[in-house]
Structure formats: C-alpha cells, structure tokens
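**Student:** Below are the chains, spelled out letter by letter.
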Amino acid sequence: MKARLLSQKGYKPGNAPGALDAPEGALDPVAQIICYDPENLEEIEFTSIDDIPALLKKWPLVWINVSGLADVGLIEQLGIQFGIHPLALEDVVHIPQRAKVEEFENCLFAVFRMAVIQNDAHALEQVSLFLGKNFVLTFQERPGDVFEPIRERIRKGRPRIRMARPDYLVYALMDAVVDGYFPVLELYSDRLDALEERILNNPTQKMMEEVYRIKRELQLLRHCIWPLREAVGNLTSGEHGLVNPETALFLRDCQDHVIQVLDILENYRERISGLTDLYLSSISNKMNEVMKVLTIIATIFMPLGFLAGIYGMNFDTESPYNMPELSSPIGYPILLSVMALVGIGMLLYFKNLGWLGGGNKKKP
Amino acid sequence: MKARLLSQKGYKPGNAPGALDAPEGALDPVAQIICYDPENLEEIEFTSIDDIPALLKKWPLVWINVSGLADVGLIEQLGIQFGIHPLALEDVVHIPQRAKVEEFENCLFAVFRMAVIQNDAHALEQVSLFLGKNFVLTFQERPGDVFEPIRERIRKGRPRIRMARPDYLVYALMDAVVDGYFPVLELYSDRLDALEERILNNPTQKMMEEVYRIKRELQLLRHCIWPLREAVGNLTSGEHGLVNPETALFLRDCQDHVIQVLDILENYRERISGLTDLYLSSISNKMNEVMKVLTIIATIFMPLGFLAGIYGMNFDTESPYNMPELSSPIGYPILLSVMALVGIGMLLYFKNLGWLGGGNKKKP
Amino acid sequence: MKARLLSQKGYKPGNAPGALDAPEGALDPVAQIICYDPENLEEIEFTSIDDIPALLKKWPLVWINVSGLADVGLIEQLGIQFGIHPLALEDVVHIPQRAKVEEFENCLFAVFRMAVIQNDAHALEQVSLFLGKNFVLTFQERPGDVFEPIRERIRKGRPRIRMARPDYLVYALMDAVVDGYFPVLELYSDRLDALEERILNNPTQKMMEEVYRIKRELQLLRHCIWPLREAVGNLTSGEHGLVNPETALFLRDCQDHVIQVLDILENYRERISGLTDLYLSSISNKMNEVMKVLTIIATIFMPLGFLAGIYGMNFDTESPYNMPELSSPIGYPILLSVMALVGIGMLLYFKNLGWLGGGNKKKP
Amino acid sequence: MKARLLSQKGYKPGNAPGALDAPEGALDPVAQIICYDPENLEEIEFTSIDDIPALLKKWPLVWINVSGLADVGLIEQLGIQFGIHPLALEDVVHIPQRAKVEEFENCLFAVFRMAVIQNDAHALEQVSLFLGKNFVLTFQERPGDVFEPIRERIRKGRPRIRMARPDYLVYALMDAVVDGYFPVLELYSDRLDALEERILNNPTQKMMEEVYRIKRELQLLRHCIWPLREAVGNLTSGEHGLVNPETALFLRDCQDHVIQVLDILENYRERISGLTDLYLSSISNKMNEVMKVLTIIATIFMPLGFLAGIYGMNFDTESPYNMPELSSPIGYPILLSVMALVGIGMLLYFKNLGWLGGGNKKKP
Amino acid sequence: MKARLLSQKGYKPGNAPGALDAPEGALDPVAQIICYDPENLEEIEFTSIDDIPALLKKWPLVWINVSGLADVGLIEQLGIQFGIHPLALEDVVHIPQRAKVEEFENCLFAVFRMAVIQNDAHALEQVSLFLGKNFVLTFQERPGDVFEPIRERIRKGRPRIRMARPDYLVYALMDAVVDGYFPVLELYSDRLDALEERILNNPTQKMMEEVYRIKRELQLLRHCIWPLREAVGNLTSGEHGLVNPETALFLRDCQDHVIQVLDILENYRERISGLTDLYLSSISNKMNEVMKVLTIIATIFMPLGFLAGIYGMNFDTESPYNMPELSSPIGYPILLSVMALVGIGMLLYFKNLGWLGGGNKKKP
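Chains as they are written, first to last, in numbering that gives the first Met the number 0: chain A, 0 to 363; chain B, 0 to 363; chain C, 0 to 363; chain D, 0 to 363; chain E, 0 to 363.
One chain only, chain A, in its complex shape (with noise of 0.2 Å):
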C-alpha cells in the first residue's frame, strides 16, 4: 500500500491560502467530458475551456474528470469557470486532505480517498469533486480508477443513472469509492488468515513484523476512511439544495456501508491485537520448552558425571579409607546400576512434574 499521511517535504507554513502548486510527482491531466440527458450520450476528449460553456447550456449534466494533477493552470481555469472557490482548489492539489464535504456558495466540494487495485495490491488516490447544478467536476491523480462500471451504466442508458441528475451522479461515484473498499478488506482478510493458520502451527519473528506491517497499512486506512463517515452524512444535511431527499435515501445506503467497512476495519484491529497476544505467550511457552529440556539434561548428567568424577579420583588406595569401592571385584558393575538407578529416578520425577509429554500433572 502507499500512502501518505503528510503532504510533500517543503510545504511553507504562512503561505497565502489558495496558492496552487503542483503536488510532487504529479502526472500531466487526461480529462474527459462526458454530456448527456436521459436519451442522448456524448463522449469528447477535452481540449479547450472554451467548450465548456457551450456544453453547459447544451446539456442538462456535464461531468468532466480531470486525471492528473501537474497542469495546475488547467484546474484554475476550471476554477473561474465553475466558479469554485480558491480554498477549494488547493485543497485539490494539496494531497493528502482528510475526507471532508464542504458546502460552497454555488457548489459542494467533496474529497476523499479512492483504492485502485492492481497485481493483489492496492493503491490510494485523492478524488476532488464538485457538484453544481448541472456539472460534475472531479479530479484524480492518475488515470485508472473505479468509476468504469458508472461510465458502463451511462453508455448502455440504464435508466435511474440517466436521468441525468448530477446529485445521483455524486451518490453512484461515492458509492463506487466506498464499495471499491471491500476488495481491499477481502485482500487483508486473505492476509489474517494465512498469517493466523501459520502462527498457530510454527511462530516466527518474520509473522510479527507481517502483524506490524499490517497493523500499519490498516490504520492508515482507518486514517482515510473514518471522517468519510462524517463527509458522507454533510452530503445530504445542509440547505443546498443540490442533493433531493430520493437521493439521499441512496446516500444513507452508502454511509450504511462506510460504516460497515469502518466495523471490519475495527474487527481486524482486535484480532490483530489477538494475534499479537497468541505470538507472545507462544514464544513464552516456547522458551519454557527450551529450558525443560536443558534442565533435564543437565539435572540428569550432572550428578551422574559427578559420580564418575569421584571415582576418577586418584586418592592412595594403600589406605583401606581411601576409595575400597575401586578395589571391589564388581565396584564397576554396581556404579553402573546406581548410575541407571539415578537417570531412571530423574526421568520418572520429570514425568511426574509434566515435564516430559506424556505427563501432565502439576508440581505439588
């Protein structure tokens, strides 16, 4: 995953608002317009700010999408054009904002964050979009997005998206944004389950910086998709009037889901947390099988090599104190059974504490 949590290094405190910079990085725009009502389509690849207004009073809804956000000379045009207020637009180009939906004199401005899936990872861009009375505004920061489906549903005329209303246009993007999560979440999910299975047979240091990475990437996205719950309830409060109540009974649909994502994220968060514990108290019991072994090793050799060290003493056996054990015709054999006798004794009193598998009952 990638993403930030601050904007680009050298961001100037005490600047004026609304000054547009370029965000690092960022990619040429590609901008598509699409027009239509509820029986007629047109697709035109942008090219000039002087069509716009011609479309605007052609059309009932214009939806331009501007992928790319290097040419800020073009989004201040689309600015003056639409209207839209400066504060807005360097919200546009200062990523990362926090989902936010503020209301404008003659427009909303919503932003918020958008996951791409590509190759089993996904990726976060800002989306920036105004809703006027008849336009749809939005802007991206690289082309590829999750919005294919909706330019699908205008082309092939499905009826509720075609009647061109540019409110339920927002509420399809939106929810296009919010249902785009789920895949993430899936991918995640797929992750805590390999990670689960493989801490409970064999844990290893590897799997508890997987749980950290993971803990990581999910607060970060919890980071960008907890004020969205907030951003998508401002959508359908306030006295606009751009969004009707039909259109809001959708967008509580898509809060409904914002916050069923946001208690999945949560759920992940605690069996993160479970894991965590489970990793811990397996290593402890671990370390505890580490050392049974040790200790029954040496508790059985030590006293047993003792007692072979004691009958490699070299003491004067003239002297009928000194070691007469040596001289015993079958000195060598009894040591032998006493040294058996010892082991055998260590390995039952083990047995007896648990130590050894088959045992388990508890030290008295």
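In case anyone wonders, no lab produced these hints; they're calculated from the structure.
As the structure is a prediction and not an experimental result, all values here were calculated from the model.
All C-beta atoms, glycine included, are put in the ideal place defined by N, C-alpha and C.
Incorrect hints may have been included.
Under 8 Å between C-beta atoms, here's a sample of chain B residues computed to sit facing chain A [what the hints assert, rightly or not]:
| id | residue |
| --- | --- |
| 1 | Q204 |
| 2 | K214 |
| 3 | R215 |
| 4 | Q218 |
| 5 | L279 |
| 6 | I282 |
| 7 | M286 |
| 8 | L293 |
| 9 | A297 |
| 10 | Y310 |
| 11 | S326 |
| 12 | G330 |
Listed next, with one range per pair, are the computed distances between beta-carbon atoms [stated by the list, open to error]:
| id | chain 1 | residue 1 | chain 2 | residue 2 | range |
| --- | --- | --- | --- | --- | --- |
| 13 | B | P323 | C | D315 | 23 to 29 Å |
| 14 | D | E229 | B | L40 | 57 to 63 Å |
| 15 | D | P319 | B | P332 | 39 to 45 Å |
| 16 | A | I343 | C | L340 | 38 to 44 Å |
20 Å max Cα-Cα, derived EDC-like pairs, lysine to aspartate or glutamate [said to hold, decoys possible]:
| id | chain 1 | residue 1 | chain 2 | residue 2 |
| --- | --- | --- | --- | --- |
| 17 | A | K205 | A | E195 |
| 18 | A | K155 | A | D36 |
| 19 | B | K99 | A | E265 |
| 20 | A | K99 | E | E229 |
| 21 | B | K132 | B | E41 |
| 22 | D | K205 | C | E288 |
Place chains B, C, D and E on chain A using the hints.
**Tutor:** The following block gives chains B, C, D and E in isolation, referenced to the frame of chain A:
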C-alpha cells in the same frame, strides 16, 4: 460458529444499486403463509404470487415467511407486490448486512442476524423483515429458526398475538431473535468456565489458542448484535405510525434485552482478557520454577564436580607440595565429608532463598 | 460472591411476554405489610389478597414486602390488585434483570440488586419495587435485607419517614440499597490491601489467581451497579408526578452515592491492573536473579573444572613436551593459585557488573 | 499522601439522612470570623452562635471558617442559623465526599478536597463551603490551609477582594484550592523525573514499586479533582442569582485551571505507563545479556572440558588403536592448540552473532 | 524539544488574579508595529506607548507584536491602552497556558503554542493574541517566529491580506502557527522511520529509550495542540461580531488542519505502540535463540562428557567385571564411534525440532 464479515467474493464495486444476485450457496426458497384474525387462522404453502392480493383483502394480517434466497425472481415479485424499495430488496440478498431498521414510504424494513443453535454450536443467519399496514414479510437464509414458539402461540390462539396486529407480530419475532442469543451466551459461559478451570489447573498453549478462538467468535457476535441496539430503538421512533404506543412498550423491553446481551458480551471480553493475563503470568511462573531446578542442580554439582576433578589430576605426588591429600590415609573420607557439607550448605542456602518448596523468605 | 449474569438455564426464546415461571430454586414467599400515617402504625403478616383493598382505603401508605418468589400465583394476584403491567411482573421473576426504572400508567417500576453481607462475604439479590399513589410494593429473592433500619425508623416514628409519603419511602429503600454497597467495597478494599502487601513482599502465582478472582467479582459488581446510575436519575425525571420535588433532592443525593460507588470500583480496577503489572515485573525480576546465580556459578566453575580436567589427562609424560607441569614439584600449588585467581577475577567482574548484591554499576 | 476513598468503617446503611456523627479522629473546632466592607474590617474569634445575627446585620459580608469537625452540635447550630439543608450538613461530616456543587433554596453548597503541602508531602482534606447572600461559611478538617494569602489580601485591603462580594470571595477560595494543586503536581514531577533517570540508568524492582505507588497516588488525586471540573462549572450555571456575571468570568478561569491540572495528571499517567514499558523491556534485555554470558561460557568450556575428559580416559594404551595420541611426544601441545582454536573459533562465532560488545550483525 | 507542563517553580496559590510577574528567564521585549491599509504600509519600531492612539486613529489596522515578556510594565501599559481584562494579561505572562480562545467585552483573546524549528529540533513558545476592532496585539516569548511569510505578504501587498481586516490577519497568524506543526511532524516521521528500520534489523535497549523519548515528546505536543481544536472553533462562534463570515470559512479550513495534525499524532502514537510490541517480541525471540544454542551445546556435550568421565574412572581392572572395555584393543575407537553417533543423533533430533536454522517442523 459460522459467520461472515464480508460478502461473497467477486462483489463488483460500481454496480447499479438494486441489482439482485442470489448470494453464493443460497438454498431454494420455501415460503409459508400464515393469515389470521382473532377468530380464524389459515396456514398455506405458498404457490403463486397471484394468490396474495386475495389474501391481503381477506385477512387483517398476512405473514409470509421465505426460507432460502436462491430464487431472486420470487423476491423481486414479492417486492413489486408489496411496493418495496429496490435498495431494501438488494439488502435482502446481500449478506451480511449491518443490523438496521429503515423507514420507507409504505413499510418499515429491518435486517438483523438470528442465532440458531444446532448440536451445541450456533449458526448465524440473516433475517430481513418488512412491516406494512396489514402484512409482515420475512426472509431467512435457511429453514430452521427461532420462530416456532410464535407460530405455536398463533395456532393456539393466545389472545395477545391473535389480536392480529402486524407491529405486535414484528415485536414477537424480534424478541424471539434477541432472546435466542441467550442460549448462545450460555454455551460460551460454559466454555469459558471450563477453560478457566483448566488454565487455573494446568495452562497449556492449546488453551491460549482456545482463548483466541472464543475471543474472535465473541467479537463477531458483538459485531452482529451491537447495531441491533440502535435498530430496535429506531423501530419505535419515526413518524411512520406503523408501530403503536402499546407495542413500543414491548419493544423497549426487547431493547433492554439487547443491552443485556451486550453487557454480558462485554463482561466475557473482560474475563478473557483476565484469562490471558493469568495464562501469561502462569507461564512466566513455570519458567521460573524450571530455572530454579536447573540452577539448584548446577549450583550443587558444579562445585562438587570441580572438587572431584581436582583430585583426578595427575600431578607427580613425589613432590610433597603436589596434592599431599592423595596420600593421606583418610583423604577420601574427608573429601566426601567436605562434599556433603558443600551440598547441604547449598541446599540450606536455597531453602533460605525460598526456592525449595517449604521456604517463603525473600532474598536479602 | 454469588451472582448470575444469565438467567437460569432452559430459558426458552419465543415465549409470550408476561408468562410467569418461578425462578429456579426460588423460596416460598413471606409477605409483610406495614401501614402507617404520621400518627399510627400497623404491622400485619400478609394472609389474603382480599384484605388489601380495605388497607388501601384506610391508610395513606401501605408497604407490602414479599421475600421469596416461588409462588407466582401470589405475584399475579398482587399484579392484578395493583394494576401492574405483565411485562413488569415478568421482570420480577426473571432473574437477573439489568437495573432500570420504568414508567407505567399507574405506577413506577424499579428493579435493581441489593448486596447483603453475611459472614464477610456478600450475596446479591434482586429487588423489584413498585411505587403507586398510596402503596409501595417490594419483592426480594430471600428473607434478610438492608431495610431493617428503615423499618426501625418507621416504628420509632422518626418525623421525616412518618410523613407517610410513598416517594420518600422509596427513596429511603433505594438509599439503603446503595449505601449497602459501601460495606461490600470495604471488604474488597481490605482484600486488595492484604494482596498488595503480599505481592510487594513475595509474589506467588496464587496471588495472581486471587487478583483474577477479585477482578471478576468487581466486574460483576460494576455490571450490577452501572445501570443503577441512570435508573435513579430516571426516577426523578418523567411526568408521572409520583415523586415530588423535595424527594427529588434526596434522590439526587442517592445518585451521588451511586456515582461514588462506581468511582471507587473504577479506582479498584486500576489498582488491580497496577498490581498485575507489579506482579509480572516482579516475576521477571526474580527470573533475572535466578539466572544470575546460575550464570555466576557456571562462569566460575566451568573454567576451573576445565583446568582440573587438563591436568587429569594421561599424556605420556616421558616426552618433555607432554604436560611438563605435572612433574614440577610446585605444579599443584601454582595451579591452585591460578584457579583462585580465576575465581576471584570472575567474582570481581560480576561485582563490577552489579550482579552481586553490593554492586550497582551498569554493564559498559 | 493520606487520603481515603471510603468513609470510616462502621458506616451503617439505612440510617436516616441528615443524621450527624462526627467523623472518626475529628479535631475540636476552631472557628474564625472575618467581617469586612470596602472600608472596614473586623476579625473575631468565634465565641457564641448568638453573636452571628448581629454581625450579619452590621456587615455586608461575614466569612466564618471552622477548622475541625468534632463538635457536631456547633455544626448543627450553624446549620439552623443559616438555614442549611440537613443533607448538606450530613455531607460536611461524611468524609470523603465526591466534589460537587449543589443548589439549595437559600444558598449554594460546594464540597471539594484541598491539598496542603507539609514537608515535601501533601495531605488532602475536605472543604465544605456555603455561599449565601451575605455570608460565606467554610468547614475544613484541620487547621492549616491554602487560604492565608486570601486573608492577607483582605487585611491589606486589596480593592477587588474588599468589594466584599461573597461570590468573589468564594471564587478566591476555590481558586486558591485549585492553584494549590500545582505545587503538588510539581512534587510528582520531581519524583517522576528522578525515577525516570534511575530507570534509564539501572532499573531495579524497587523502582517498579515506586512506579506503582506514584500511580496509585495520582489515581487518588485524579479521583478527587475530576468531579471538581463539573462542580466549578455548576457554580456559574443555575438560576440562584448568587454568582454575578463578572465573577463567572473569574470562575471560568478557575475551571480552566482545573482542566489544566487534569491534563497534567493525564500526561503523568501516560508517562508512568511509558516507564513501565521501559522497565519491562529493560528487564528482558538484561536477562538476554545474562543468558548470553552463560551461553558463551558454556559453549566454550563444554567442548574443551569434553576434550580434556577424552584424554583423561584410562584405555589400555598397549593396543595401538587405543588413544595413540597419548604416547605421541607432542600430543599435549597439539591438543592445547586444538583447544585454543576451538575457543577462539567460538569467540569469533559469537562476535559474528553480535553477542559480544563490539558486534552488531544479525544472526543469519 | 523544550516545553514545560508546569509553570515556573515557586508559583504561589492564593495570589490575587491579575497580578503580573515576568516568567522566569524571560527576554527583554522587542516590539514591532505594522500599520497598513489596502494602499499604504508603515513599519515602526515601538518606542513609546503614547504613539499608539495616533496610529489607531490613522490606520484601519495596527498590528503590534511584542517578542519577549520580561517587561511587565510594558505589558500592563498595553493592557490599559487596549482595555484588556487583567485575567487575560495574567495569562500572557503565566506560561504555559492551555490553548484557548476567550471572549472579553471589547476583544477576543487567544493563547496557544507555536512550534519554531531550529537546527532539526523544534521549540515551543507561547503566543498570546488579542483581536480588537482595529488592532491585533500579539505577544511571544522569544524573537523568531513563523509569521515572517505573513509580513512578506503584507509588504508585497497581496490583495487578500491587504484588505486590512484584523480578523483575516488573525486567521493568517493562526494558520501559520497550525501549518507550522507540519514540519515538526515531518521531523518525527523521519525519526520514526529510522527507528522502525533499526528495530526491524537489530533491536537494542537504546532504541526502546528513543521510543520512550519520542512518545513523551509526542504526548507533550498533543497536550499543546489538542485544546487548539476547540479554541479555533470558538473563534467563529460567539456573538462578538469580530470575525466576519468570510473569514469564518477560512478558519474552518484552519480547524481542519488542526484535526489533521491530531490525526497524524494519533497515528504516530499507534505506530509507537506497535513498535513497542515488535521490540518486546523480538527480545523474547532473541532470548529463545540464545537458549536454544545453550541447550543444544549442553545436550550434546553433557552426555559425551559423562561417557569420557566413565572411562576415566580408576576401578581395579584386575576384576573382569570392572571396566573390561578399557582392556579391549579397540575400546577407544568403539567409544569414539558411539560418541559420534550420540552427537549426530542429538543434532538430528534438534534439526527435527526445528531448532537448527534449516528446520521448521513443530515439536510433536
């Protein structure tokens, strides 16, 4: 426990809202109709959608229960018959939904999870419920539910349920669902009791895995029940006039039960966290015991072994400075006595430290 | 402590609300009636339900207290006599209920838990209370309660209680219940003090199990008392007019006490969490001490043992290169000196590390 | 620190409210009266309750301060004189009370804890305060308080305090109490700084016990101050008209200080939790160091000791297959070289693992 | 980072509010006056308080900035000149204050902390700000601030700032302060990134101490910024009419930034908690590795050493029962083979347990 957090895989963001696809693995529907008034009762196997208008005319209350969601055609027909909003129909087949109650123009829509106990385990299935002026329409994933006692009460003509008011029937159904969670909690209570006893007696890593599993399942359960609290509250508020004040009194009681379920889940959660602490401290303690055994053994036999090693050296005893002890006629018994003293001294020292069973003094 | 979180087993979801079954193990009821006005007092053993209307006519305040819930017939009769809603009656026999206050048409219903101390332990039992215009009706699970001092105050004719206002009597009862928790808290305070001292002196796993037990009991206690806060507040709000403003002042004081109980429980909870940390760190510390002893012993005696082993080898000392030390006349004293130096050196090293009692320097 | 969470033992639930018993160990009261107007000032030792009506008539503001609560008769007399509600009087002698402000018919009642520093420790004592139209009545447990600077300001005739408005005097008293917590926080800040430095340098279990003690004391402190936030806010709200808007401005400032105290306590709490983590990780780390020393020693000397043991065996060297090394003229130097190589090899291996001071590579 | 939680020592509770004492170590003030209208600009070094009334008459906006708080006389004079409440003046010199915005009769008072970056570290200093009808008065502790770009914008005559509305200037100042936290967050982001990499590679206790330090600093930072959220919100609410709606739009944006800063701090906090978990698990893991090495070595060499010890015993080999192996011509090679088998067997056993690098099987 079997429950999903995420919908079936392959869910495509950007689809039009209201598009119906049967959930993966859905069963063929079995539909049952119960019509009754205070005096009469008719139970019919559902055959055709065309019979329904006649029934609605004839009876003050028609309850249609559909078990199995494979036939989306049937669901759509019922939706048209009862004037149900497409978004609500979509929620019927999109599993799982967050528990919620929504107000539509001519009906109330509630969706929640029902716990059905089978063989000491419980399964969760989604129940969708529509409450109209003279009908109640319920969908469930599988045959088998907690509603049988309600059907019995209807059949037996119990006065309150036979008043044939749809809002009271809805209360009865929701109350059965909520009360159906208590036996599930009982199962977990039993599992926690057993686990607690085993952890207090002889903790093993297997128990920690069981703790983890119970924790996950309770999280999932809480995830299902938590939004129900708000949902039941929403049933009584609102201006739809479908729930009369007398029933609101009963629903308040039902909401109390939801809160009680959540309280108990919270209590279980804290108990599990306590068990984890107990387990970890017990593991640390066991390690301490193991280490003490090892240290006692090593501390006794290492000096003794060293002494034995000394007198196993081969210095030339011709010189009077070289190991004169070896030639002493009572060198060996003296050494053995010294060794015994060293060993006993060590044991007394450890006893004093409280490392041996009987001692409980603190190391100075 | 004896308290249940869940109702008796075998509770069947789907039953009609208001169906009365005596709780498992319920005792036979003993009912006592106290009627009084500022001048007179009559204490009667309850004999028949038929006497009650006459009493209600004669006295401004009739307090009926029923101890023991086995006779559901009696409870139903009382319910009919005083016009009590079936849902409230059901709550009287369904144990345990979450503490709550509910407003019905002609009475207020309160249910909560009372702590009764017996032999240094406490038992919780459910008290249900109905407040009407000129009656107070209380149910408790067992004889024996915290209401005796109130009965005494009535008998002795203390002016405030003998005003014979039912709302003041209810306040007095609830205040006795709430204040009855303080001695229970005192018991826990004593147990925690004792535990704290023992953990600071010589922590053992037994104490951790005691910590766990106290934690569970306090959770249960908090579970009982928490909803009481809201419940006492609900007594004074509402439009029932059964509680007059003067008594509301007293109830505000009672609610303050509930909050104080909860504050103290929270404080105990934090103390327990601190004790757990302390215990765990102390166990780790003890392990460290054990390990240091082992390491010191091994580090001193392993090299010494090795040296002794060297000179126990049987190389052919004919060759001048093979162990010439053995033939040296002072080989043995020299070796002993070397060994002493090695041992003392090691001890000094460990002293320097701060591993021996006196040292407190840090390892470089 | 000396503070109680629970009242004195033997508190009997069920007692009539308003019954006054002197708290255990209460001191004999010393009462001081200060009467003043902008021009004049009179300080009187309290002698008889009968003098008070005259004083109240003569002066616009009479401040009576009672230190010591043993004489409940005096407290009752004062209560009757100033028309104080019995519940409030009961709170004066029931110690400890949760900090609160309550509105009675003819006065405001505030109760809170005051921190008095003595010899680098602080004691908490309860202050009860009654604010009426032309009097301020304060009770404290012991002589010695933080009000001396206020008395000085009154005596020196500072203009604002000499306006002789009781609400301003109450503000001054509460502000002194709140600001009196800052020096206490300073004491804890110093203790935490010292502790932090010691834990960073050389952590011992004693410090953990100190951490636990500080944590408990701060909990108790927070327990006392937390409700003060709401209490000070309550002083200004309400319709009693006893606090005029200008003073409300000052009280807002006082409430800011309470919030600041709570913020700092929260900060200390987090710091303590960080110290605990640091301590635990440091203990684990030290254990690791100890274990490394042990393992290095054992890993070097066990193989060497084994080699020495081999050549100490007594096989019959007549056979050319039995230990021919012993007869080799340079067997001994060769063996010593091998031993040196093994030892150095082991050391290099551990250096490579980063177990020795200089290394910092990771185990492959 | 340098920041205080508590005021300078020696703060005496009970002092009259509004008494001004210069904070400890305060610098001599440097005061700068900027007056401007849309067309003209005048920058004056402050010389005498008497010049100010003329300036206020002449210019629509006078901004006086005082750096250094040692001269309380000057601060008092300014307070009198601008009619500032003594409580607010007290807050200017009492450092640190909790960030807040307060409404006084003729001005708004805001106090907060400003982060100034110097040499890769940041210092926090308190800024007090008074907003009146035609003046802005700011106090800061030291020269050097984040306001230079604003002065540049004024000098360069940027249209929006040169409208010369004091509320917009205040917004610009607060925005500069809030945006000034982002570079500080960047510094911490870099430190956390570096720390994370080092902990993943080779964790040492030093890093844990760094974690602790960063945690404390972030707590302090959050402590400073948290109340700012509410404070900025308070600027726009209220009935003072000093902030016009257009500026409120900008302040909303500024508040968004405060929330973003807090979000990022929260994210850092969670990251630090994750790092602590990672560190602890890594230490446990390392200990496990160390213990395994020790156990492997001991388990291999203890039995081998015992065998060597056996054949070093001096039993009288005359008896055919005593150690006949010693006389066998191939006793030695046989023993060596047995030892090799034992050693290899142990190694295979540990490989099977997964204790050696290559293995990853679980102990049965």
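**Student:** Now tell me if each hint is right for this structure.
**Tutor:** Structure-based check of each hint:
Hint status for B:Q204: holds, given a least beta-carbon distance of 5 Å to chain A, under 8 Å. A hinted interface residue such as B:K214 counts as satisfied when its beta carbon comes closer than 8 Å to some beta carbon of chain A; here the least separation is about 5 Å, so the hint holds. About 6 Å separates the beta-carbon of B:R215 from the nearest beta-carbon of chain A, less than 8 Å, and the hint is met. Taken as an interface hint, B:Q218 checks out: its beta carbon lies about 5 Å from the nearest beta carbon of chain A, inside 8 Å.
The restraint placing B:L279 at the interface with chain A holds, with a minimum CB-CB distance near 6 Å, inside the 8 Å limit. Given the 8 Å rule on beta carbons, the hint for B:I282 holds: about 5 Å separates it from the nearest Cβ of chain A. Because the beta carbon of B:M286 sits about 5 Å from the nearest beta carbon in chain A, less than 8 Å, this interface hint is met. With a cut of 8 Å, the hint placing B:L293 at the interface with chain A holds, because the nearest CB-to-CB distance is about 4 Å.
For B:A297, the interface hint holds, the least distance from its beta-carbon to any beta-carbon of chain A being 6 Å, beneath 8 Å. A least Cβ separation of about 4 Å between B:Y310 and chain A falls short of the 8 Å threshold, and the interface hint therefore holds. Given the 8 Å rule on beta carbons, the hint for B:S326 holds: about 5 Å separates it from the nearest Cβ of chain A. Taking 8 Å as the C-beta cut-off, the interface hint given for B:G330 holds, the closest approach to chain A being about 5 Å.
For the pair B:P323 and C:D315, the beta carbons lie near 25 Å from each other, so the given range of 23 to 29 Å is met. Remark: the range hint 57 to 63 Å for D:E229 to B:L40 is upheld by a beta-carbon distance near 58 Å. At about 40 Å, the CB distance of D:P319 to B:P332 agrees with the hint of 39 to 45 Å. The hinted window of 38 to 44 Å between A:I343 and C:L340 holds, with their beta carbons roughly 41 Å apart.
With a C-alpha separation of about 13 Å, the suggested pairing of A:K205 with A:E195 holds against the 20 Å cut-off. Proposed proximity of A:K155 and A:D36 is supported: the alpha carbons are some 13 Å apart, at most 20 Å. This hinted pair checks out: B:K99 and A:E265 have alpha carbons roughly 19 Å apart, not beyond 20 Å. Restraint check for A:K99 and E:E229: the C-alpha separation of about 18 Å stays at or below 20 Å, so the hint holds.
Proposed proximity of B:K132 and B:E41 is supported: the alpha carbons are some 19 Å apart, at most 20 Å. With a CA separation close to 14 Å, the supplied pair D:K205 and C:E288 stays within the 20 Å bound.
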